[in-house]
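Just so you know, the protein sequences line up as chains B and Z, in that order.
Counting from 382, one number per residue, gives the positions in the first sequence under my numbering.
Counting from 190, one number per residue, gives the positions in the second sequence under my numbering.
Honestly, the hints are just simulated from the structure, not real lab data.
It is possible that some hints are incorrect.
Unchecked claim - Covered stretches of chain B, as calculated for chain Z (at least 3 residues, CB under 8 Å):
| # | segment |
| --- | --- |
| 1 | 413–423 |
| 2 | 485–499 |
To be verified - Partial list, computed: chain Z residues near chain B (C-beta under 7 Å):
| # | residue |
| --- | --- |
| 3 | TYR270 |
| 4 | TYR271 |
| 5 | SER389 |
| 6 | TYR474 |
| 7 | LEU503 |
| 8 | SER551 |
| 9 | PRO552 |
| 10 | SER559 |
| 11 | ALA560 |
| 12 | SER610 |
Don't be surprised by glycine CBs; every beta carbon is placed ideally from N, CA and C.
Here is how the chains run, residue by residue.
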Amino acid sequence: MKKAGLYFILLGLIFVACKVIKKDGHKKDRTSLYQISGTPVRALDYKEHKKYILDYEVLKSYNVSDSDVIKLDKILSSDSLIMTVNHRSCEFSPAYALKWSSGKVILISLTPCAKIRVMKKATDTVVVNDLKEHSELEQWVLNTASK
Amino acid sequence: MKTIIFILSLTIFCSVKTCFGQSFYEVKWTGNDAVNYKGFLIYNSDNDALMRVAFTVNGVYKVAEYKVTSKYFTTADGINYYLMNGENATVVYNGNNQAYSADKFLFADLDSQHHFKNLYAYDENDLAKSNLAELMRPATWRALDPKADFTEPYIHEFYGTYEHNYTALVSLINTPKEFNSTSSNAKLYLVIVANTLDNSIGTGCEVDRRKLVNEMNSIARSLNISVEEHDIYGTDFGKDNVLNAIDALHPSSDDIVMFFYRGHGFRWNDQKSAWPDMSTRISSYDPFTYVSLDDVYSKIVSKGARLNLVFGDLCNSNVGIDKPEVTNQGTNSLQSNFYPDADKLKKLFLYSKGNLMSVAASPGEVSWTSAYDGGFFTSSFFESLHAEIGALSGSGSWKNIIISTINKAKYKSQYGCSTCSVQNGEYYISPELGDQ
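Same shape as in the complex, but just chain B (with noise of 0.2 Å):
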């Protein structure tokens, strides 16, 4: 009798374990790359059946998977990644985004203007960084997109 009541905490335990689980897998926050043309568009000049990322139209989507992920997140986590105090004296277009399913954007030029925008929310002010020339960002977004 004793037996059987440990045996149905342990089952409910393993249930509950289950549906947390199963709740953080919907919570993936899903990562996606995609070119995008150089040059905004203000909202109100969009075009139909076109696809838009802060204004930028999107030109391509690219596939991105777990084990790029996992490099991006690494290569994101780095503290020299971002130049924040000198700057390319040479204008910021983009030419790939990479979105987050939370909401997150990441916009970047390439070598040898390498610049980066970081938006999190939209209240963000646009703040525009540099790169590192031919950095592990710019690689990986590169390599991402040959595949």
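Let chain B serve as the given structure and place chain Z on it in line with the hints.
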């Protein structure tokens, strides 16, 4: 011999790093050998500073000298430092073949205002030791005002009376030569175009714009000449206003025209000219517009002023497309630590004749700007200008200024910024101006 810790006030360090021209600093410390050292630094720029150190050993008074170069650097764990690196020291007074290890000063503990609170130093010998941190010694540091702090005996602590620098430094004790006796009818036409609203380089552009306005107006006041200023920035930044400002210039044959652009730049895939184009839109949502720096130079020179100076602190990197066939282009007195020589200043602005054009980057290169100190090229221009008209150096030559500007900007991109690519710059100077 000496490993040093400096405790600095924020403002003192600020004046070391962000101010330009010939500035003077005194540093004192006691070495591990119990010898008291007193240093006198003449600072022109990060790659141009001269230290004299006076000390007494066994009752013999000695003076050592070495050059100092400086740079920011960041360690792998993200800690920022600023190193003033002394090299190739010699004992210039009572040497008796004695060697001296040049001192190295390390500024540390950066605060949120981008100022260092502390300074540590060591010398070449200490570098080889494993207990470098323990060898560091405290010191005091202060900026010197020649009028308040210089006396002949004080200067004589570091320089012999027979040396040029002694005479030049002593000359700074008295009021600088009277500039206002100048009787020139020359007028300075100053055109500054700065993309101060840009969300990447706008802050640095604003730093440079203010510096340009203050400096050039100060120089004009010193020379007692008038200024017609066209300051295009903020929401006024744009192609039409740039072209209108140039059209509005009507210089006489004795006048000076100075055009300075601070903003984004680029070159076309198929561009032959070495000179970049200026991007003249504020927002990336606006139609793309640009003005060729080459065209600006031609238009300005055609107006016939005595001296034409065109500068561009902008990128010269390839924009990735060919040029389209048809486009839709629709204060104050001189700073307290700046001690100009009147004759050199007059030579540059009142007696020089010819044309000069220079840009921050060679074809294919980007130019760099700091949010705190402004463009590497622009800040280097001021450092070079001040050095060229300083009491201790220079001869009042535009050619020297522009070569020095390009070299200093290159140094900053190469050594002052660990992640920047090198910018080499370009210049053209007309033969008559180059020979002056």
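Hints versus structure:
1. Figure legend: the segment 413–423 of chain B, annotated as covered by chain Z; annotation consistent (4 residues with Cβ-Cβ distances under 8 Å, at least 3 required).
2. Counting residues of the segment 485–499 of chain B whose beta-carbon sits less than 8 Å from any beta-carbon of chain Z gives 3, enough to reach three: the coverage restraint holds.
3. Taking 7 Å as the C-beta contact cut-off toward chain B, the hint placing TYR270(Z) at the interface is violated, the least distance being around 14 Å.
4. Of the supplied interface hints, the one on TYR271(Z) is violated, with its beta-carbon coming no nearer than about 12 Å to a beta-carbon of chain B, more than 7 Å.
5. Restraint check, SER389(Z) versus chain B: the minimum CB separation of about 4 Å is within 7 Å; hint holds.
6. The interface hint given for TYR474(Z) is met, as the beta carbon of that residue sits about 5 Å from the closest beta carbon of chain B, less than 7 Å.
7. For LEU503(Z), the shortest C-beta to C-beta distance to chain B is roughly 5 Å, which falls under 7 Å, so the interface hint holds.
8. Hint on SER551(Z) is violated. Least Cβ distance to chain B is approximately 12 Å, over the 7 Å limit.
9. Restraint check, PRO552(Z) versus chain B: the minimum CB separation of about 11 Å is more than 7 Å; hint violated.
10. At its closest, the beta carbon of SER559(Z) sits 5 Å from a beta carbon of chain B; the interface hint therefore holds under the 7 Å criterion.
11. For ALA560(Z), the shortest C-beta to C-beta distance to chain B is roughly 6 Å, which falls under 7 Å, so the interface hint holds.
12. Residue-level restraint check for SER610(Z) holds (minimum Cβ-Cβ distance to chain B is 6 Å; threshold 7 Å).
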